[in-house]
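Using the sequences plus the hints, can you model the full thing?
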Amino acid sequence: MSQDSSNVDPLGDANLPLQYDRMLVVLHWVLALGIFYQLGLGLWMEDIPKDPPGIRAGWFNLHKSIGICLGFLVLWRLGWRVTHSVPAPPIGNTDFQNKLSQWAHRALYVCMVVLPVSGFMGSSFSQYPVKFFGFPLPKLWEPSPEGKELFSEIHEITAFVMMIIIILHMSAAVWHQWVKRDGLLRRMGWSR
399 MSQDSSNVDP LGDANLPLQY DRMLVVLHWV LALGIFYQLG LGLWMEDIPK
449 DPPGIRAGWF NLHKSIGICL GFLVLWRLGW RVTHSVPAPP IGNTDFQNKL
499 SQWAHRALYV CMVVLPVSGF MGSSFSQYPV KFFGFPLPKL WEPSPEGKEL
549 FSEIHEITAF VMMIIIILHM SAAVWHQWVK RDGLLRRMGW SR
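For what it's worth, our numbering labels the leading residue of the sequence shown as 399, then goes sequentially.
FYI, nobody ran anything at the bench for these hints, they're computed from the structure.
Computed Cβ-Cβ distance ranges for the label pairs, DEER-style: (1) F470 to G490: 34 to 44 Å; (2) L498 to G532: 37 to 47 Å; (3) S542 to G587: 42 to 52 Å; (4) E551 to F530: 16 to 26 Å; (5) L431 to A505: 11 to 21 Å; (6) K578 to W501: 15 to 25 Å; (7) D445 to S483: 37 to 47 Å.
C-beta atoms are modelled at their ideal positions from N, C-alpha and C, and glycine is treated no differently.
Below is the structure:
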């Protein structure tokens with residue numbers, strides 16, 4: 399990738415890329431769409447009546463199946479992120495803005511791991527089998543109302559926290575794009 403002198407990080411590493419590599423870009427947008435869908439579906443599912451039986455279970459099983467897929471994509475993204483360079487912080491950001499961005503991204507990663515794990519654990523402690531697109535997965539342990547309640551609570555709180563962080567993340571992107579006009583969003587774009 400081409401480099402220029404405007405991409406020197408505060409520690410002096412001029413070899414950092416100007417943009418995220420294409421795999422991280424793809425994983426970012428696929429996970430963003432999947433997470434938006436899952437958060438919306440999760441909120442909507444709360445209002446599905448339990449009668450007639452089967453309709454609610456079908457939507458919950460779809461939510462679980464997609465959550466398992468997203469969980470594996472998150473692991474892939476984490477592995478890729480750890481092994482590949484990312485762009486330096488934007489020129490003109492304050493140290494506070496850079497630290498805030500780092501902590502917001504870390505919190506997003508924590509939420510992206512905790513959500514599928516807590517969802518799977520809560521479902522595993524349920525009396526009903528976890529179905530992956532209709533195929534029942536093996537039961538890992540006996541049903542436990544306490545375990546189900548604990549992990550369901552963690553799942554819901556994490557979803558709420560993630561929604562707040564996503565709003566902040568998107569607000570920062572809008573600020574960079576339309577107020578600061580520093581081209582930050584190009585770093586997460588496809589064109590090179």
